[in-house]
Amino acid sequence: MTEQQSAGVPKWVNSMMSSILHSPFHGMVSDKILLITFTGRKSGRQYSTPVSYTRRNGELLVFTHGKWWQNLRGGAPVRVRVQGKELQGHALPVDTNIAAIAAGLNEHLRHVPGDAKFYNVTIEDGGVPNAEEIERAAQDTVMIRIKV
Numbered sequence: 023m024t025e026q027q028s029a030g031v032p033k034w035v036n037s038m039m040s041s042i043l044h045s046p047f048h049g050m051v052s053d054k055i056l057l058i059t060f061t062g063r064k065s066g067r068q069y070s071t072p073v074s075y076t077r078r079n080g081e082l083l084v085f086t087h088g089k090w091w092q093n094l095r096g097g098a099p100v101r102v103r104v105q106g107k108e109l110q111g112h113a114l115p116v117d118t119n120i121a122a123i124a125a126g127l128n129e130h131l132r133h134v135p136g137d138a139k140f141y142n143v144t145i146e147d148g149g150v151p152n153a154e155e156i157e158r159a160a161q162d163t164v165m166i167r168i169k170v
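Reminder that position 89 of the sequence shown reads as 111 in this note's numbering, one-by-one numbering, no gaps.
Hints in this document: simulated from the structure, not taken from any laboratory.
Do not rely on the hints blindly, as some may be mistaken.
What the hints assert, rightly or not - Pairs of lysine-lysine residues, derived as PhoX-like cross-links and limited to a Cα-Cα distance of at most 25 Å, are as follows:
#	residue 1	residue 2
1	K33	K54
2	K64	K89
3	K107	K33
4	K107	K54
5	K64	K139
6	K64	K33
7	K139	K89
8	K89	K33
9	K139	K33
10	K107	K139
11	K169	K54
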């Protein structure tokens with residue numbers, strides 16, 4: 023399996039995170055990071071990339087600025103390694119519903135505030151992401167809904 027490069031994340035970080043997620047030590051990060059595996063639309067090759075996530079209503083929400091999500095356009099089967107378990111799922115990107123992306127990103131940054139820097143969002147007192155910055159960030163962010 024090839025590792026897909028996430029926007030702004032060095033390849034060695036993704037490799038290290040993939041190794042941790044496959045190890046008995048996954049608990050150090052697996053409450054916030056999962057490994058998603060998908061098939062390239064053109065190449066037919068399998069790609070895996072670690073991404074942070076949030077659980078919502080039986081779904082996993084993932085956000086990205088990278089182009090890898092285009093392999094999931096229209097919905098696609100995926101595998102996720104989440105909290106030490108390998109699960110089959112169906113991923114559906116949301117790239118045009120800015121209100122839905124903003125709401126999901128707001129929830130995600132409350133759960134994973136360390137990701138705020140990737141979206142240029144300030145976390146204010148009480149752990150609340152800045153609403154105006156969330157709206158701006160949602161303009162060039164894709165939300166991927168994964169049903170497992």
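Hints versus structure:
With a CA separation close to 19 Å, the supplied pair K33 and K54 stays within the 25 Å bound. A C-alpha spacing of about 13 Å is found between K64 and K89, which places the hinted pair at or below 25 Å, so the restraint holds. Between K107 and K33 the alpha-carbon distance is near 23 Å, which keeps this suggested pair within the 25 Å criterion. Proximity of K107 to K54 is assessed by CA-CA distance (about 14 Å); at most 25 Å being required, the pair is judged to hold.
Simply put, K64 and K139 have alpha-carbon atoms about 32 Å apart, too far for the 25 Å limit, and the pair is violated. Taken as a hint, the K64 and K33 pair is honoured in the structure, with Cα atoms around 22 Å apart against an allowance of 25 Å. With a C-alpha separation of about 19 Å, the suggested pair K139 and K89 falls inside the 25 Å cut-off, and the hint holds. Proximity of K89 to K33 is assessed by CA-CA distance (about 15 Å); at most 25 Å being required, the pair is judged to hold.
As the CA atoms of K139 and K33 are separated by approximately 19 Å, the hinted pair is consistent with the 25 Å bound. Restraint check for K107 and K139: the C-alpha separation of about 29 Å exceeds 25 Å, so the hint is violated. About 17 Å separates the Cα atoms of K169 and K54, which keeps this hinted pair within 25 Å; it holds.
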